[in-house]
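*Asks:* Sequence:
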Amino acid sequence: MTSLDKPTSDTDQPRTPQQDAEAKAVTEAALFEAFGGVRGMVETVLPGLLFVTIFTINKNLHFSAIAALAVSLLLVVVRLVRRDTVKHAFSGVFGVAFGVVFAMMTGNAKDFYLPGMVYTLGLALAYLVTTLAGMPLIGLILGPVFKENLSWRTRNPGRKKAYAKASYAWGLILLAKCAILFPLYWWADTTQLGWVLVALKIPPFLLAVYLTWVFLAKAPPPIDVFAEMEAEEEAEKARKAAAARGGDRAPEARGYEG
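Residue numbers 383 to 640, in the numbering used here, belong to the letters of the sequence shown in order.
Don't take each hint at face value.
Claimed, not checked - Derived PhoX-like pairs (lysine-lysine); straight-line CA-CA distance at most 20 Å: (1) LYS547 <-> LYS619; (2) LYS600 <-> LYS529; (3) LYS600 <-> LYS543; (4) LYS619 <-> LYS600.
Source of the hints: derived by calculation from the structure; they are not laboratory data.
Assemble the whole structure, with the sequences as input and the hints as a guide.
*Replies:* So, in C-alpha cells, the structure goes:
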C-alpha cells in the first residue's frame with residue numbers, strides 16, 4: 383500500500399465555521415463547473431423549448447426539428463468563438479441530433495423526445511446500480527473536479543457516504559421524472575408531452591444539485607491527490623539530490639584518509 387492509498391484519519395474531525403463556509407464555497411464552485419451552471423441549463427432547455435413551441439404553432443415536424451438542431455449548433459459555435467468549454471453544448475447537440483434522426487425515421491414527432499427519455503432512465507439506473515456496487519456515479523463524476531479522483535473510496539469514508547447519498551438522490555429523482563414522462567409518451571399528444579418535458583427539465587435537476595451540495599458540504603473535505611503526488615515527487619527529488627551530494631563527498635573523504 384502506497385502513501386496515497388493509506389486511509390486518512392483526520393477527514394472526519396469537526397470543522398470550524400470558517401472551514402464549513404469554505405467547504406460550501408468549494409462544493410458550489412465544483413458543482414457549477416461539473417453541471418454547467420445557468421448557461422448549461424439554458425443550453426439544455428432551449429432546443430426542446432424551441433421544438434415544442436414551433437410544433438405547437440404549425441405542427442411541422444421537419445421545421446421544428448431543424449430549428450432545434452440549428453439552435454443547438456449555434457450554441458456550440460458561440461462557445462467556440464468565446465473559447466469556452468463546449469462539453470455541455472456538445473452534449474446538447476448530440477441529444478437533439480438523436481432526437482431529430484429518430485423522429486424523422488419514424489415520422490412521429492413524439493419520438494423527438496424518446497432518446498432523451500431513454501437516456502434519463504438509463505442514467506437513473508446507473509446512479510442506483512453504481513451506488514449499490516460501492517462506486518457511486520456522482521463520485522466518479524465529481525472526483526476529478528475536486529482533484530480527489532477515487533481517493534474517497536478507501537481513504538475518505540465520510541465523503542464516500544455523501545457521494546452515495548447524492549447518487550441515490552439523483553437516481554430516485556430521475557426515476558420519478560421517468561415515471562411521469564413515459565406514460566405521457568403513450569397517452570398524451572406531442573405538444574402535451576413536450577411542454578411537460580420542458581417544465582421538468584430544470585426543477586428536478588436543481589433539486590438533485592441542491593441535495594448533492596447539501597451532502598457534500600457536510601462531508602469531510604476532499605483529499606487533493608494531485609498535491610500529494612507533487613509533494614512526493616518533490617520529496618523524491620530532494621532525496622536523490624541529497625544522495626548525490628553524499629556520493630560527491632565520499633571520494634573526498636577517502637582522499638583525506640589516504
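*Asks:* Evaluate each hint against the coordinates.
*Replies:* Taking the hints in turn, this is what the structure says about them:
1. LYS547 <-> LYS619: Not OK: LYS547 and LYS619 at ~41 Å, beyond 20 Å, violated.
2. LYS600 <-> LYS529: holds (18 Å)
3. LYS600 <-> LYS543: holds (11 Å)
4. LYS619 <-> LYS600: Measuring from Cα to Cα gives roughly 37 Å; hence the hint is violated.
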